[in-house]
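Colleague: Residue-level listing of the chains:
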Amino acid sequence: MNALATRAPAPAPAAAWLPCGTVYGTLLNFQRERDLWAPRMTQPPYLAAPQAPVLYVKTANTFALGGAAVPVPAPVWLGPTLGLVIGEYEPNSPAAQDGQAPAAIKNRVIGGVTVSACVLMNDLCLPHESYYRPAIRYRNRDGFLVCGTQPVRATQVDLATLRIEAWLNGTLVQTLDLATLVRDAATLLADVSSFMTLQPGDVLLLGTDCLADGSRPLAQPGDHVEIRAPGFPTLSHSLVAQADEEGGAP
Amino acid sequence: MKHARIAWAGALHDAIESDGQLELLTPAFRGQRVGFDDVVWLPPLAPTPPHRPRTVLALGLNYADHAKELAFKPPEEPLAFAKGAASLIGHRARTVRPAGVKNMHYECELAVVIGREARRVRKADAYDFVRGYTVANDFAIRDYLENWYRPNLRVKNRDTCTPIGPWLVDAADVHQLSGGPMALKLQTTVNGQVTQQGSTADMVFDVPTLIEYFSSFMTLYPGDVILTGTPDGVVDCPVGAEVVCSVQGIGELQTTMVSEPNRAPAPAP
Chain A
1 MNALATRAPA
11 PAPAAAWLPC
21 GTVYGTLLNF
31 QRERDLWAPR
41 MTQPPYLAAP
51 QAPVLYVKTA
61 NTFALGGAAV
71 PVPAPVWLGP
81 TLGLVIGEYE
91 PNSPAAQDGQ
101 APAAIKNRVI
111 GGVTVSACVL
121 MNDLCLPHES
131 YYRPAIRYRN
141 RDGFLVCGTQ
151 PVRATQVDLA
161 TLRIEAWLNG
171 TLVQTLDLAT
181 LVRDAATLLA
191 DVSSFMTLQP
201 GDVLLLGTDC
211 LADGSRPLAQ
221 PGDHVEIRAP
231 GFPTLSHSLV
241 AQADEEGGAP
Chain B
1 MKHARIAWAG
11 ALHDAIESDG
21 QLELLTPAFR
31 GQRVGFDDVV
41 WLPPLAPTPP
51 HRPRTVLALG
61 LNYADHAKEL
71 AFKPPEEPLA
81 FAKGAASLIG
91 HRARTVRPAG
101 VKNMHYECEL
111 AVVIGREARR
121 VRKADAYDFV
131 RGYTVANDFA
141 IRDYLENWYR
151 PNLRVKNRDT
161 CTPIGPWLVD
171 AADVHQLSGG
181 PMALKLQTTV
191 NGQVTQQGST
201 ADMVFDVPTL
211 IEYFSSFMTL
221 YPGDVILTGT
231 PDGVVDCPVG
241 AEVVCSVQGI
251 GELQTTMVSE
261 PNRAPAPAP
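Protein chains in written order, with the UniProt record's numbering: chain A, 1 to 250; chain B, 1 to 269.
Read the hints as simulated data drawn from the structure, not as lab findings.
Cβ atoms here follow ideal geometry from the backbone N, Cα and C, with glycine treated the same way.
You can take every hint at face value.
Stretches of chain A that chain B covers, calculated by requiring three or more beta carbons in the stretch to come under 8 Å of a beta carbon on chain B: (1) 21-33; (2) 43-52; (3) 59-67; (4) 127-133; (5) 139-145; (6) 188-197.
Start from the sequences and build out the full structure, keeping to the hints where you can.
Modeller: Written as structure tokens, this is what we have:
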């Protein structure tokens, strides 16, 4: 979208938040996964450790409301993460819903970028071994970005110490510790925005992590997932078996 | 019919091509004609609804000759990546070449704009879901290429680096051509010299196959765009170069290469 385009204000019920801009995901941004990958980074096909942030786009078709039953064709990797919502005060921002006057709302400038809110996300994807040139069908399937029901104002989140938990059918399966990010929020925002403008409404995901053994938590149809973090409404959703046949090319 | 979105007289307008001019569709100016030189050309894409960012998909290695050029066997599955719509700019715009890069090249591509929500679409029905076609130039900066989630966004998702336009040409106009959208000549010139020539007939995965493929796992919405890849013949574009990407019957998309602001201009050759 060009800078001259306008966006009509969108009413958003409190329990039905979805991103209104482009969502960028980040890979290899937790120290544990980066360390586990390190010996392979100089081997083919990678040949060198990544210098810039490793990014991808979660397209609009992937957006799913909190509480959704997400159809999956096979077991999926869970991807609990935190999304940073870019931009100034908007009429449908969480602060507005608090009934505050716009003048009283404090955005946070992090890494030179204005961030209004943070939101829990579950960045689902189909398992894939290679990070070289994975097919888009792993990450960009319908419903594969489950979005927190309610963003929390960025001024209320301690990004340096936040811990995010993934619970699968009532059992804790993963804990993310934002203190172990390779690029913290400020560094990531600065590095990404050095070559592309993050527009109001865009969301930058801080990254997903692997488990201690390098694997990722797997979930399958019938499973119930909760993403929890202190100060955030719990993001819960389920997975269901994909009903219809997938036609089409390979 | 050829559609454009332009800025003129302090506002945005939808317009159509009419006898070598732009005819405005805005109610206040309906029927007014303005010259191509008198407007700012924007991407010829209607805004998407609130809460639905535009999906921009792009193909890598989707021409048999381009795959050969890069010593890569044609892929068995479309090699696609997604871009942010913020990188789109219009016709006759300026694309910034970062200081110090050695290889920044254009990629002339047929762009498909989706017209109807598409999910689980069969190849035979795919053209029914196309709104129209335009030209895109999916610039790449090879200096920044890294082998992690290729092509990485630093190469492919920079501000100003995806010119698109000038026209959105109605699907029916293209489908009635002999060979339809799969027999169109592509050409790029740099400062008037032809540097790239190809035909959409050489696509590894043609437009109906791509729509079937993508819609098998992701819903495509009206206004979403598929950039279908580029043929052989990409060359470095220095600051000052005028790059024109053409697709037969669709349009000629002109871009001027500029340096980063606050940097010394490139030395004279």
